[in-house]
Amino acid sequence: AEEARQKEMGFTCLNGRIKQFFRWRNSPALYHTFDGHRGAVFSIKVSRDQTYILSCSEDQLVKLWDVETFKCVRTFEGHGKAVRDCDLAPNVGKRVKEQAGSAARRLLAAAAGEEEEEKANGLIVSCSADKTIRIWDSVAATCKKTIRGHTDVVYACCFSPSGSHIASCSADRTLRLWDAEEGYLIYSFDQHHKSPILHCSFSPSGKY
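In terms of UniProt numbering, the sequence shown opens at residue 1 and continues consecutively.
In case anyone wonders, no lab produced these hints; they're calculated from the structure.
One should not assume that every hint holds.
[As the list claims (entries may be wrong)] Straight-line distance between alpha carbons at most 30 Å, and here's what the computed DSSO-like set of lysine-lysine pairs gives:
hint	residue 1	residue 2
1	K144	K81
2	K194	K131
3	K145	K71
4	K94	K145
5	K71	K94
6	K81	K145
7	K81	K71
8	K194	K207
9	K131	K81
10	K81	K194
11	K144	K94
12	K207	K145
13	K131	K145
14	K131	K144
15	K94	K207
16	K207	K131
17	K207	K144
18	K71	K144
Make the full structure from the sequences, and use the hints.
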């Protein structure tokens, strides 16, 4: 138990492969290699419960991997060029694991006021050199929304801590805020940068 508490998990990517490392007492050791992408892997994100990892690649695909079984459980296909970044809304791991849940369980969740949270938490977002952002259903692996608005490569995207908003940034020098469920533009920060914006993130509270 003490060993498990001291163990930390990390990932890196090289030549289309994702490598999982465990570090214990400052001694990193390769634990597993996830092999499936056919091009450079640009981004890796870990679900909040640390049961899944999400990856995106030059091969135009987004993949969801089970950390315990090492298997690819979902492939999201639809971008026309390299996928530069991806992210998971809160509790995507829970949604995927409960995909076979009973109708009774879903009714209980709705009665408890969890329905709105579940809508946001079941989403995955990705952005691409094709200038689009895509919002995906993590269970059905289908594209719910294709967001167009950026005029150049979209380099990064992320969910707010609540999962209700998405931020994106682009080579078009704009930073944009979107509604995660409907995909509409909330605000565009377009007069502040003079060069491509490569990364964006929210504060832990989601206020900024």
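How the hints compare with the structure:
A C-alpha spacing of about 19 Å is found between K144 and K81, which places the hinted pair at or below 30 Å, so the restraint holds. Between K194 and K131 the CA atoms are separated by roughly 19 Å; this keeps the pair inside 30 Å, and the hint holds. A threshold of 30 Å between alpha carbons decides the hint, and for K145 with K71 the separation of about 26 Å falls inside it, so the pair holds. At roughly 22 Å between alpha-carbon atoms, K94 and K145 fall within 30 Å of each other, so this suggested pair holds.
Between K71 and K94 the alpha-carbon distance is near 17 Å, which keeps this suggested pair within the 30 Å criterion. Between the alpha carbons of K81 and K145 the distance comes to roughly 17 Å, so the proposed pair stays at or under 30 Å and holds. Between K81 and K71, the direct Cα distance comes to roughly 24 Å. Compliance with the 30 Å bound is thereby established for this hinted pair. Between K194 and K207 the CA atoms are separated by roughly 25 Å; this keeps the pair inside 30 Å, and the hint holds.
At most 30 Å may separate the alpha-carbon atoms for a hinted pair to count; K131 and K81 meet this at roughly 9 Å. A C-alpha spacing of about 25 Å is found between K81 and K194, which places the hinted pair at or below 30 Å, so the restraint holds. For the given pair, K144 sits about 19 Å from K94 by alpha-carbon distance, which is consistent with the 30 Å threshold. The straight-line distance between the Cα atoms of K207 and K145 is roughly 25 Å, inside the 30 Å bound, and the hint therefore holds.
As the CA atoms of K131 and K145 are separated by approximately 14 Å, the hinted pair is consistent with the 30 Å bound. Among the hinted pairs, K131 with K144 is consistent with the structure: their alpha-carbon atoms are about 17 Å apart, no more than 30 Å. For a cut-off of 30 Å, the pair hint linking K94 to K207 stands: about 25 Å separates their Cα positions. This hinted pair checks out: K207 and K131 have alpha carbons roughly 27 Å apart, not beyond 30 Å.
For a cut-off of 30 Å, the pair hint linking K207 to K144 stands: about 26 Å separates their Cα positions. Distance restraint check for K71 and K144: the Cα-Cα separation of roughly 24 Å lies within the 30 Å cut-off, and the hinted pair is therefore satisfied.
In summary, the structure agrees with every hint in the numbered list given earlier.
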